[in-house]
Amino acid sequence: MVTKDKMLNLSAEKDYATDTNDTELLEEANGKLYNIKKQYINRAKTIVTDQNPYKEYLIENLEYIKSQLAVNVIVRTTEEAVKVLKEKVDMRLIFGIDNQYTEVFESELFFKEEYYEGIEATQEEAEISVSNLINKKDGFIKINYSIEENKGLGMWMYRLSIYTAKLSGYIAKDSDTGRQRYFLKSNSNLDDYSYDVYFDIIEIYEICNKCENQYLAIKQLCELLNIQIQYEIDQENKYKNNLQILQENKLLKQSYPILNECLKHHSELLEIVNMEGKKYINYSSNSYKGENIFTFSNEFIGSMAVKENKDDTKIKYGKGTVNPKLTLFCLFGLLHKIPFEELPKKHRHKTFGYNRKENYYIVPQYTESVLLEAQNRVRKLKEAKVKPTKFTGEKCKVIFGEEIYKSVFGNYYKVEEIG
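Under UniProt numbering, the first residue of the sequence shown is numbered 1, with each subsequent residue one higher.
No lab work stands behind these hints, which were simulated from the structure alone.
One thing to keep in mind: the hints can contain errors.
Keeping only pairs whose Cα atoms sit at most 25 Å apart, straight-line, the calculated SDA-like set for lysine to any residue is [said to hold, decoys possible]:
(1) Lys66 x Arg92
(2) Lys278 x Asp200
(3) Lys137 x Ser188
(4) Lys264 x Pro324
(5) Lys185 x Glu103
(6) Lys345 x Glu291
(7) Lys88 x Glu248
(8) Lys390 x Met304
Using the sequences provided together with the hints, build the complete structure.
Okay, here's the thing in structure tokens:
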């Protein structure tokens with residue numbers, strides 16, 4: 001069971017990181033705390049019904065909540081949005097919890113669990129054991145069970161959870177920070193506020209709405225309360241601008257004809273790279289130089305792009321086709337490969353099956369200066385009489401120098417295991 005001191009220490013780390021704008025410490029503390037509580041959150045998602053009272057209240061009072069609780073602010077980062085949600089929004093009014101602070105109530109999301117497991121010789125005997133355990137109970141809220149064969153033992157294993165009653169909880173507010181927490185009590189004494197675990201407004205929302213992940217809960221709450229995140233707005237606009245340039249093609253033809261001539265055979269793949277990057281707009285801390293970080297396998301990107309044969313049939317791009325195109329995009333500055341040593345620690349690993357570092361990318365906004373530089377690099381290739389399809393690392397060094405070579409080919413070399 002998670003101890004009170006451990007939960008408080010991790011929360012203090014998060015609060016300090018948020019207040020000091022230390023994104024790396026915030027990410028680390030947030031990850032530790034969320035991983036500890038994730039076991040509760042995931043289990044609660046499997047137990048709670050789609051028509052739970054908190055969710056039903058939210059749906060039935062959606063317009064009222066929007067009109068009365070909307071924060072109506074624009075913040076710079078995801079972390080700032082989280083801070084607003086925790087400090088400025090009364091979770092009781094979101095979920096219809098009609099209780100004062102520290103007043104104990106029955107939780108609508110968490111239940112007392114009785115757990116049983118055993119092993120039987122046959123599947124039928126395991127089913128009988130589960131049935132007998134259930135029948136011994138006078139009443140319960142919900143049951144979850146599984147029966148699986150253990151082939152190594154030649155036996156059948158059963159696991160049974162019987163949820164018999166609602167757990168008691170209370171909401172408390174920190175008078176210094178204004179942050180609310182939803183506590184699950186560890187006893188039945190109304191005057192004893194000892195607890196096993198607590199949750200914030202985002203985690204309670206994630207559970208009652210069965211959100212796929214925490215970021216989705218943040219995003220939906222921000223939409224509900226009109227909290228706009230400038231980082232996300234900027235990233236969305238960037239990809240919209242880039243895709244418009246690539247798909248309409250008018251600007252490239254008129255203002256960057258040399259670049260356009262080179263890209264016309266590769267633009268479909270570059271569009272797909274941009275669309276893939278757009279999918280990974282999430283926490284502003286998951287960024288590099290202000291742009292969202294993303295990764296992909298070349299096989300995956302190739303499977304999304306097709307080319308037409310002479311007989312009008314369509315085939316997918318193979319890895320051998322994708323790799324040189326991505327190299328060109330990096331050379332032209334239309335796709336940036338992030339130096340391995342500058343990646344957040346959680347992203348530093350090797351590509352499975354290869355003694356290479358995994359590549360992570362950012363896409364810049366295709367501004368006038370970016371497109372001019374891309375065209376200049378195409379011009380240099382032409383002057384050196386190097387076809388884009390014949391471009392190699394050695395030729396890159398000779399034509400563009402060591403710095404650009406490293407930015408294009410730098411992450412493809414053998415490394416020691418990361419500790």
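Has the given pair, lysine 137 with serine 188, been kept, meaning a C-alpha gap of at most 25 Å?
holds, 21 Å
Run the distance test for lysine 390 versus methionine 304: straight-line Cα separation, threshold 25 Å.
holds, 24 Å
What's the verdict on lysine 345 and glutamate 291, does the C-alpha distance respect the 25 Å limit or exceed it?
holds, 17 Å
Do the alpha carbons of lysine 88 and glutamate 248 lie within 25 Å of each other, as the hint requires?
violated, 44 Å
Within 25 Å, alpha carbon to alpha carbon, are lysine 66 and arginine 92?
holds, 14 Å
For the pair we were handed, lysine 264 and proline 324, check the Cα-Cα distance against 25 Å.
holds, 15 Å
Are lysine 278 and aspartate 200 close enough, with their CA atoms no more than 25 Å apart?
violated, 28 Å
Does lysine 185 pair with glutamate 103 here, judged by a C-alpha cut-off of 25 Å?
holds, 11 Å
In this structure, the hints that do not hold are numbers 2, 7, in rising order.
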